Amino acid sequence: MLYSDKVMEHFGNPRNVGVIEDADGVGEVGNPVCGDVMKITIKVNDDRIDDIRFQTLGCGAAIATSSIVTEMAKGMAIQDAVKISKNDVASELGGLPPAKMHCSILATDGLKLAVDDYLKKHGREPIAGEVKSADPTFDPHEDDEH
Amino acid sequence: MLYSDKVMEHFGNPRNVGVIEDADGVGEVGNPVCGDVMKITIKVNDDRIDDIRFQTLGCGAAIATSSIVTEMAKGMAIQDAVKISKNDVASELGGLPPAKMHCSILATDGLKLAVDDYLKKHGREPIAGEVKSADPTFDPHEDDEH
Amino acid sequence: MERTVYLDYAATTPADQRVVDAMLPFFTERYGNANSLYALGRDAARALEEARETVALSINAAHPDEVIFTSGGTESDNAALFGIATAGGRSSGHILVSAFEHHAVLEPAHWLGKRGFEVTELMPRTDGIVHPEDLAAALRDDTVLVSVMHGNNEIGTLQPIAELARATHERGALFHTDAAQTLGKVDFDVQALGIDAASFSGHKIYGPKGTGALYLRKGVRFAPYLMGGGQEGRRRSGTQNLPGNVGFATALTLMDAERPAETPRLTGLRDRLVGELLGHIEHARLNAAEATMRLPHIANFVIPGVEGEAMLLHLDAASIAVSTGSACSSGSLKPSHVLLSIGCPVEFAHGSLRVSVGRFTTEADVDFLIRTLVPVVQRLRSMNPMYEKTLAALTGQQG
Amino acid sequence: MERTVYLDYAATTPADQRVVDAMLPFFTERYGNANSLYALGRDAARALEEARETVALSINAAHPDEVIFTSGGTESDNAALFGIATAGGRSSGHILVSAFEHHAVLEPAHWLGKRGFEVTELMPRTDGIVHPEDLAAALRDDTVLVSVMHGNNEIGTLQPIAELARATHERGALFHTDAAQTLGKVDFDVQALGIDAASFSGHKIYGPKGTGALYLRKGVRFAPYLMGGGQEGRRRSGTQNLPGNVGFATALTLMDAERPAETPRLTGLRDRLVGELLGHIEHARLNAAEATMRLPHIANFVIPGVEGEAMLLHLDAASIAVSTGSACSSGSLKPSHVLLSIGCPVEFAHGSLRVSVGRFTTEADVDFLIRTLVPVVQRLRSMNPMYEKTLAALTGQQG
Ligand SMILES: Cc1ncc(COP(=O)(O)O)c(C=O)c1O
Ligand SMILES: Cc1ncc(COP(=O)(O)O)c(C=O)c1O
Numbered sequence: 001m002l003y004s005d006k007v008m009e010h011f012g013n014p015r016n017v018g019v020i021e022d023a024d025g026v027g028e029v030g031n032p033v034c035g036d037v038m039k040i041t042i043k044v045n046d047d048r049i050d051d052i053r054f055q056t057l058g059c060g061a062a063i064a065t066s067s068i069v070t071e072m073a074k075g076m077a078i079q080d081a082v083k084i085s086k087n088d089v090a091s092e093l094g095g096l097p098p099a100k101m102h103c104s105i106l107a108t109d110g111l112k113l114a115v116d117d118y119l120k121k122h123g124r125e126p127i128a129g130e131v132k133s134a135d136p137t138f139d140p141h142e143d144d145e146h
Numbered sequence: 001m002l003y004s005d006k007v008m009e010h011f012g013n014p015r016n017v018g019v020i021e022d023a024d025g026v027g028e029v030g031n032p033v034c035g036d037v038m039k040i041t042i043k044v045n046d047d048r049i050d051d052i053r054f055q056t057l058g059c060g061a062a063i064a065t066s067s068i069v070t071e072m073a074k075g076m077a078i079q080d081a082v083k084i085s086k087n088d089v090a091s092e093l094g095g096l097p098p099a100k101m102h103c104s105i106l107a108t109d110g111l112k113l114a115v116d117d118y119l120k121k122h123g124r125e126p127i128a129g130e131v132k133s134a135d136p137t138f139d140p141h142e143d144d145e146h
Numbered sequence: 001m002e003r004t005v006y007l008d009y010a011a012t013t014p015a016d017q018r019v020v021d022a023m024l025p026f027f028t029e030r031y032g033n034a035n036s037l038y039a040l041g042r043d044a045a046r047a048l049e050e051a052r053e054t055v056a057l058s059i060n061a062a063h064p065d066e067v068i069f070t071s072g073g074t075e076s077d078n079a080a081l082f083g084i085a086t087a088g089g090r091s092s093g094h095i096l097v098s099a100f101e102h103h104a105v106l107e108p109a110h111w112l113g114k115r116g117f118e119v120t121e122l123m124p125r126t127d128g129i130v131h132p133e134d135l136a137a138a139l140r141d142d143t144v145l146v147s148v149m150h151g152n153n154e155i156g157t158l159q160p161i162a163e164l165a166r167a168t169h170e171r172g173a174l175f176h177t178d179a180a181q182t183l184g185k186v187d188f189d190v191q192a193l194g195i196d197a198a199s200f201s202g203h204k205i206y207g208p209k210g211t212g213a214l215y216l217r218k219g220v221r222f223a224p225y226l227m228g229g230g231q232e233g234r235r236r237s238g239t240q241n242l243p244g245n246v247g248f249a250t251a252l253t254l255m256d257a258e259r260p261a262e263t264p265r266l267t268g269l270r271d272r273l274v275g276e277l278l279g280h281i282e283h284a285r286l287n288a289a290e291a292t293m294r295l296p297h298i299a300n301f302v303i304p305g306v307e308g309e310a311m312l313l314h315l316d317a318a319s320i321a322v323s324t325g326s327a328c329s330s331g332s333l334k335p336s337h338v339l340l341s342i343g344c345p346v347e348f349a350h351g352s353l354r355v356s357v358g359r360f361t362t363e364a365d366v367d368f369l370i371r372t373l374v375p376v377v378q379r380l381r382s383m384n385p386m387y388e389k390t391l392a393a394l395t396g397q398q399g
Numbered sequence: 001m002e003r004t005v006y007l008d009y010a011a012t013t014p015a016d017q018r019v020v021d022a023m024l025p026f027f028t029e030r031y032g033n034a035n036s037l038y039a040l041g042r043d044a045a046r047a048l049e050e051a052r053e054t055v056a057l058s059i060n061a062a063h064p065d066e067v068i069f070t071s072g073g074t075e076s077d078n079a080a081l082f083g084i085a086t087a088g089g090r091s092s093g094h095i096l097v098s099a100f101e102h103h104a105v106l107e108p109a110h111w112l113g114k115r116g117f118e119v120t121e122l123m124p125r126t127d128g129i130v131h132p133e134d135l136a137a138a139l140r141d142d143t144v145l146v147s148v149m150h151g152n153n154e155i156g157t158l159q160p161i162a163e164l165a166r167a168t169h170e171r172g173a174l175f176h177t178d179a180a181q182t183l184g185k186v187d188f189d190v191q192a193l194g195i196d197a198a199s200f201s202g203h204k205i206y207g208p209k210g211t212g213a214l215y216l217r218k219g220v221r222f223a224p225y226l227m228g229g230g231q232e233g234r235r236r237s238g239t240q241n242l243p244g245n246v247g248f249a250t251a252l253t254l255m256d257a258e259r260p261a262e263t264p265r266l267t268g269l270r271d272r273l274v275g276e277l278l279g280h281i282e283h284a285r286l287n288a289a290e291a292t293m294r295l296p297h298i299a300n301f302v303i304p305g306v307e308g309e310a311m312l313l314h315l316d317a318a319s320i321a322v323s324t325g326s327a328c329s330s331g332s333l334k335p336s337h338v339l340l341s342i343g344c345p346v347e348f349a350h351g352s353l354r355v356s357v358g359r360f361t362t363e364a365d366v367d368f369l370i371r372t373l374v375p376v377v378q379r380l381r382s383m384n385p386m387y388e389k390t391l392a393a394l395t396g397q398q399g
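Going line by line, the protein sequences match chains P, V, G and F. Each residue of the first sequence is one higher than the last, beginning at 1 in the numbering used here. Each residue of the second sequence is one higher than the last, beginning at 1 in the numbering used here. Each residue of the third sequence is one higher than the last, beginning at 1 in the numbering used here. Each residue of the fourth sequence is one higher than the last, beginning at 1 in the numbering used here.
Everything labelled a hint here was simulated from the structure, so no lab data went into it. This one's a predicted model, so the numbers in the text were calculated from it and none came from an experiment. Mixed in with the good hints, there may be bad ones.
The calculated label-pair distances, taken between Cβ atoms and stated as ranges, are [stated by the list, open to error]: (1) P:Glu125 x G:Ala99: 45 to 51 angstroms; (2) G:Arg221 x V:Gly95: 25 to 31 angstroms; (3) G:Asn60 x V:Ala77: 33 to 39 angstroms; (4) G:Thr28 x P:Ser85: 54 to 60 angstroms; (5) P:Arg48 x G:Arg3: 44 to 50 angstroms; (6) V:Val19 x G:Arg90: 31 to 37 angstroms; (7) G:Arg221 x F:Arg90: 23 to 29 angstroms; (8) P:Gly18 x G:Ala364: 34 to 40 angstroms; (9) V:Ser4 x F:Pro345: 29 to 35 angstroms; (10) F:Arg90 x G:Thr126: 55 to 61 angstroms.
C-beta: ideal position from N, C-alpha, C; glycine also.
Full structure from sequences and hints, please.
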């Protein structure tokens with residue numbers, strides 16, 4: 001189970017760590033029983049993500065995927081941001097060990113929830129589609145083959 | 001499965017190898033299917049074993065036990081010779097590997113048969129008792145524990 | 001690799017140079033097959049039996065033949081479970097294993113549980129000990145085998161094996177203990193313990209990987225697990241790994257010789273570690289802290305608000321090697337079944353840290369770990385979106 | 001030990017010094033557990049995967065993961081038989097093994113045969129070959145697994161594995177071959193052979209004892225045999241023997257590199273041996289002489305009127321190491337099941353002699369064997385009370 005250099009780089013120097021206090025949207029996913037919890041806060045301007053911050057309790061992959069997803073999403077239109085897939089995240093990181101693929105779901109799901117939260121606050125329809133990990137009983141590990 | 005030094009010594013330099021042409025008694029035991037065949041010829045004088053020779057097709061233990069039994073029996077009264085037990089032979093050799101204990105039976109049985117053959121030739125009663133390995137279908141290996 | 005501060009001796013150990021030196025002639029010169037009759041084979045057989053006697057003597061076996069060489073702790077455990085349970089063609093019966101056994105015991109037990117046997121997992125208490133009265137209550141008339149490990153590989157608690165074996169025998173069952181973590185590290189006397197079988201592993205005692213042994217008391221019926229040429233007295237087939245077995249025996253001899261001095265030294269290092277870590281990391285806890293009988297070299301902590309792998313990777317960046325959960329299952333995402341079995345909450349089990357010291361550990365190593373760990377924990381907690389909540393729960397709970 | 005004329009390379013081989021050198025760093029320096037996350041563990045994991053790739057490349061596996069490291073040929077055989085037969089919880093079906101398999105295949109087959117499976121032993125013909133048409137005739141609709149060894153360890157005949165595998169697949173069964181004697185010695189390409197599984201042993205190719213591998217084609221369902229920590233992609237538990245696996249891979253690389261020159265050299269030595277022995281020992285016969293496909297290094301003779309062990313011990317006294325029957329079973333008294341399976345009469349099977357040459361064998365060694373053997377045979381025959389009879393039968397038969 002080896003992490004790519006890029007995963008290790010993002011894990012060691014995660015980008016955009018923290019909380020935006022007056023955030024326009026907040027997404028929280030995961031639960032401590034599964035070992036991974038992630039919170040994303042976004043600042044949106046003209047339906048574009050102006051600023052984004054994350055906090056993550058989780059393994060190396062959880063932190064690295066959180067970090068990379070904030071880098072990918074920053075400056076993006078919200079319509080595009082919700083389309084970032086777990087595979088996009090994984091390939092941007094130079095791949096993830098199979099057992100860690102579920103971490104990418106958490107990262108993209110966190111972002112989706114933050115966007116929908118922003119839309120909801122403005123009385124608009126959600127666009128992210130189903131976000132499985134928003135359910136507190138969801139266990140991403142069950143996605144694994146074994 | 002290690003042989004004692006004494007076994008190896010008798011195997012390497014077996015005593016009393018050969019056939020006494022004008023033997024008073026002949027004992028043949030074993031069969032080639034089992035891998036061991038032994039022939040003992042004896043010269044008897046005054047019910048005492050004056051000369052004894054053996055030929056053996058068989059493993060190291062078969063040859064060593066044949067050799068030692070001829071040494072033990074030489075000069076013995078026939079009444080005593082038939083009492084040599086497989087354990088006597090084994091202990092005289094400093095022990096035998098468990099899987100090879102059956103070889104001592106062959107050696108003592110060969111001697112018994114030779115004595116009884118001598119007695120029979122002189123119209124006397126056999127004294128050796130039952131000699132299982134005289135039966136050509138006897139397989140000494142069946143004595144083994146395994 | 002050189003400046004690694006290695007603090008994961010419970011996962012594996014470097015082979016001692018003296019062990020390697022003892023093995024070397026058996027690779028290239030004394031290479032005979034121990035089953036061959038000629039001189040080279042007899043020489044191998046003699047060396048093999050010497051190694052066997054060394055191990056038998058160390059564990060006080062009644063007879064060298066009670067020691068069967070295997071390929072490691074896992075094979076020994078598998079062979080013990082399958083071999084004793086299914087001996088004589090038996091295909092049913094009750095098997096008791098502690099809930100915090102190594103997977104090398106649990107998995108064969110579960111396999112048997114799916115094929116005719118009934119398996120019960122016996123819970124240790126929160127002190128990390130399997131209590132004899134709990135075992136006595138779980139034993140049944142149809143119990144055939146009990147397996148409780150001697151020293152737990154994650155939390156380091158020692159089990160009262162003699163009492164457990166006695167309780168087992170009172171109900172007519174056989175007793176196996178997985179001693180992979182304890183052989184060489186504490187006095188191990190199969191007769192004093194009164195056990196029927198025990199598993200050992202070479203690479204936990206500065207011996208070579210891929211070596212181990214199974215102690216099997218004379219008279220215990222056993223179905224061989226590896227079948228074939230009938231080596232090891234028909235109880236374990238496969239050409240014997242002579243260099244490995246000699247290495248294993250040599251390693252054990254060294255452990256025994258050095259234990260009187262080494263045990264207090266390791267205990268001192270461990271106690272220093274525990275003191276410093278609990279002193280410097282807020283809310284950290286020692287798992288199974290109440291247990292008084294413990295291995296000298298293992299300490300396991302829960303560090304709330306931190307995830308284990310992340311902690312481990314940061315320590316790794318500083319060239320410190322420690323573990324979270326057991327090494328074998330660290331590829332897995334499940335929290336340690338050992339910690340759960342002693343009542344550790346799942347969310348804390350994700351933040352466990354196992355530190356295990358050994359022959360080459362110094363005080364400086366321990367201090368370096370603490371010095372490095374403090375800012376790592378602080379940083380990870382600051383990134384934890386739930387840490388305030390966790391803290392509130394902790395202090396509420398503690399207040 | 002030094003002046004031993006070693007002619008039992010089929011029993012075991014000395015580890016090559018280059019193999020030992022490759023292993024050494026992994027004992028004391030690169031000692032990490034390949035399942036640990038930190039640098040030392042990752043280094044171990046990388047070395048392990050390199051070794052795996054080396055083996056995969058050598059046998060032309062489609063993917064490195066198709067190679068599972070084990071503790072030797074015996075474990076590989078056991079795991080293949082049990083693992084494939086019982087995969088997915090299967091508990092019945094027909095299993096076909098050749099009658100002259102190694103005991104490491106026969107015993108697991110018989111075990112399965114007593115527990116729900118039906119086992120048929122397929123006879124080779126007197127040429128020492130398992131003929132594909134015989135296999136085709138024995139295959140049934142419910143056959144689940146066929147195991148036929150690649151090169152026989154006693155008589156050295158090579159089996160037509162590609163044809164046997166094809167016939168097996170035509171009836172929907174899976175095909176395993178025990179290649180412990182052939183890996184490295186003849187070209188071994190799992191894809192060209194079209195097999196599903198194969199067993200290898202390290203100590204037959206100048207690698208360390210206690211090492212080996214199982215090739216398992218991707219997609220073949222398999223129940224792990226050693227259970228526990230889930231190493232080797234959950235197919236073989238137990239901390240990996242990294243020094244051993246590196247040694248095994250290195251040994252295989254050397255075999256592959258040297259084979260082009262070594263095969264004709266060994267073949268020449270063997271042919272010289274056969275020619276000289278048959279020329280100098282009256283009535284001696286080469287077993288399975290008709291087989292044209294054979295291993296370069298093994299020759300097996302019957303020497304009528306002589307018992308094998310006695311011959312072996314006399315040769316040993318002259319520091320020559322050869323074997324009679326297989327090494328594993330030489331503790332046993334039964335004549336070789338291999339020789340019996342190819343129609344060798346029992347009384348002659350007791351007088352078999354296996355000579356196997358290898359990397360360090362010279363012409364002088366072969367000549368010394370012949371020179372020593374001639375008087376040994378003469379002496380033993382002269383002590384044989386039945387020799388005249390045997391001779392009469394032989395010449396009558398031949399006349
Ligand atoms: C308690 C215990 N049992 C069994 C094992 C397995 O031993 P091995 O790695 O030698 O297969 C280990 C170590 O991994 C262990 O700690
Ligand atoms: C054909 C064959 N299969 C299996 C084995 C067993 O291999 P190992 O000795 O590595 O267990 C051997 C050698 O003993 C063999 O010759």
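Each hint tested on the structure:
As the Cβ distance of Glu125 of chain P to Ala99 of chain G is approximately 50 angstroms, the hint placing it in 45 to 51 angstroms holds. With their beta carbons about 28 angstroms apart, Arg221 of chain G and Gly95 of chain V fall inside the hinted range of 25 to 31 angstroms. Separated by about 51 angstroms at the C-beta atoms, Asn60 of chain G and Ala77 of chain V break the suggested range of 33 to 39 angstroms. Between Thr28 of chain G and Ser85 of chain P the C-beta distance comes to about 56 angstroms, which sits within the given range of 54 to 60 angstroms.
Between Arg48 of chain P and Arg3 of chain G the CB atoms are about 48 angstroms apart, so this pair conforms to the stated range of 44 to 50 angstroms. Between Val19 of chain V and Arg90 of chain G the beta carbon distance is about 56 angstroms. The supplied range of 31 to 37 angstroms is therefore violated. About 28 angstroms separates the C-beta atoms of Arg221 of chain G and Arg90 of chain F, a value consistent with the hinted range of 23 to 29 angstroms. For Gly18 of chain P paired with Ala364 of chain G, a C-beta distance near 36 angstroms keeps the hint of 34 to 40 angstroms intact.
Restraint check, Ser4 of chain V to Pro345 of chain F: a C-beta distance of roughly 33 angstroms satisfies the suggested window 29 to 35 angstroms. Separation of Arg90 of chain F from Thr126 of chain G is about 42 angstroms and departs from the stated range, judged on CB atoms against 55 to 61 angstroms.
Comparing the model with each earlier hint shows violations of hints 3, 6, 10; every other hint is respected.
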